[in-house]
Amino acid sequence: MKHAVVSLTVNGAERQMLVAPGTTLLDALRENQGLTGTRRGCEQGACGSCTVLLDGRTVMSCMVPVETIDEARVDTIEGLTPPQGLHPIQEAFLEGFATQCGFCTSGMIMATAGLLAKNPDPTREDAVRAISGNVCRCTGYEAIIDAVLDAARRVSAAGSARAA
Amino acid sequence: MEKIDASFFPAEREAELDVVGTSVQRADARGHVTGRTQFYEDVSFPGMLHLKMVRSTRHHALISNLDVAPAMQVPGVVRVLTHKDVPNNWYTILKLIGVEPDDEPVLPEDRVLFMGEQICAVLAETPQAALEGARRVVVDYEDLPAVFDVEEAMTSTPFKKQGTNYFVYEGHNCRRIRFGDVDKAFAEADHIIEHRYESSPIEHAPTETSGCIAKPEGNGRVTVYSNTQALYFTLDNMALILGVPFNKLRLVGGTVGGGFGGKVDVMVEPIAALGAMLTNRPVKYAYSRAEEMQVSSPRAAERIYIKDGVMKDGRIVARKVTLYVDAGAYCRHSTYGTTKAAAHMPGPYTIPNVHVDAYCVYTNRTPSSAMRGFGVTIGDFALESQMDQVARFLGMDPMQLRLINAYRDGDMKAHRKKVEGAALVEVIQAAAKQTGHSLPPQFASMSSLKQEAGHGQA
Ligand code: FES
Ligand code: FES
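One line per chain: the protein sequences are A and B, in this order. Remember, this note's numbering sits 24 above the position in the first sequence when you count from 1. Remember, this note's numbering sits 15 above the position in the second sequence when you count from 1.
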């Protein structure tokens, strides 16, 4: 079967990749782009470890055939991390002890980024819904939910500081 | 955050504990929140092969025919590994601490003992080709009777190579504790209270599935990137299985995407390393989510019978425990878990007459192994449920019942070790206080330090 050339804007940079039919966005990111911060937990849409933003929307990258999203914009955990220090969402997870083994963390943080992009002031229920596709076997979720809400406060504080 | 309460046992404190109660960041948390933490799967090498297992579709069967030729027809398939390729095929993980016999084959020779057991390994250029190759391998089975119940397995025809469906502990069919005379105490007790407790297997379901990458090096060594929780156990078992000196292997690990005990068995590394040695190429063996759920060892199912001789005033004078750990088809860590279960009986109580039989039983279920506090957790569920049953039977406050029977410093345990550093009484008192459960003065003033008159050993 023929490979296809797919163009994506990954973390702001234009990338072209040669992919076999059926290649998932997860494999394209990890194997092709070397962006291993996006984790592989199940390859069946059940765990959320592979969550990234696709044109600003939260998706499970293991469920997206990369050929179907030619020309799309993809944002991963690597792109979220600023050149200096941490993104406010990352700070909230770090300081809130919302990570243990860390395997779910990239997905949790990207799910939070997706939530805050469309809802800067989420309720606890919104936070729970936003991470409802993301499995964490270590933390028991409470610290993560608190971190999502704390992240919302930090992001809006950073936003208003910039506006002022 | 609450500070540790240092008011208990002040005379026994030498150092000021000042870290408990403060926030200390994990050393690896920054890597986690930036996605830069390197899990085993985050390395990859040119020319890497992918390994997929052919697995048993039967609970217990003879393998009458194994034909791997059709797999070799699949484009991209490089090699199929069977038991004939494994230098020392029979092992048991705990042989490193003297456990015998070797009861598990790396790859089975003529029979499978549980559904999902690995039969042969297909190595291919891509995961897809390896899967397709595995699908094409022909396995013919002759079904044999399967046993799934621990008590039935104790009396049914042995299906294990060693000739018993249970682990033999120093000539006995179970781990035993004998202390005092339970039969005499049962005869003298006011009441006999007996119940059965049972648990199912529990899967750890780590977010990252088990896996490794084995890479042959130019110097003749093999480097294995693994998410095992037990690097040195894995290294030593691999060396024995592969028949190579320990210094031919290098294990790289330390970052585990959730383990909980589920990644202490030695399952993926020996076969991946063997593939790397035989093909001279890096080999990756990663469980799919389905494999993780089906074949990674769960916490053992247990069945526990507890019979107590109890006096009207709440004293437990005799406890007899018959405990079955379902090891599944192979021993792995279950012999150790069963010893732990026996050692944990009769709970943190001073009971003058104790009789424990703890059986490590083989069935045709998925082999069980380590999981957080294995051997102890389910035992505690049974013991504390039993304490509640006794309290209910006597119409007594369950906390008071526990305080009456709690072990104190200086008491003799059933294992003939003197209790030291007990704090159960204080923990119960603190729990009562925090939950607004009022205790009468004689209970509120009890202490682990002093022997109450009439309590414990005469
Ligand atoms: S790896 Fe994509 S949802 Fe689990
Ligand atoms: S921190 Fe381990 S799965 Fe979430």
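Treat the hints with caution; some may be incorrect.
[Claimed, not checked] Computed beta-carbon distance windows for the label pairs: (1) Arg177/A to Arg28/B: 39 to 47 Å; (2) Glu435/B to Pro106/A: 40 to 48 Å; (3) Lys176/B to Ala141/A: 56 to 64 Å.
[To be verified] Some chain A residues close to chain B (C-beta under 7 Å, calculated; not the full set): (4) Gly69; (5) Ser73; (6) Phe117; (7) Val159; (8) Cys162; (9) Thr163; (10) Gly164.
[Unchecked claim] Derived pair list, reagent style EDC-like, types lysine to aspartate or glutamate, alpha-carbon separation capped at 20 Å: (11) Lys432/B to Glu124/B; (12) Lys26/A to Glu140/B; (13) Lys175/B to Glu140/B; (14) Lys433/B to Glu147/B; (15) Lys175/B to Glu115/B; (16) Lys26/A to Glu147/B.
Hints in this document: simulated from the structure, not taken from any laboratory. C-beta atoms are modelled at their ideal positions from N, C-alpha and C, and glycine is treated no differently.
Margin query: Output the indices of the hints that this structure fails to meet, ascending.
Written below: Numbers 2, 4, 9, 10, 11, 13, 14, in rising order.
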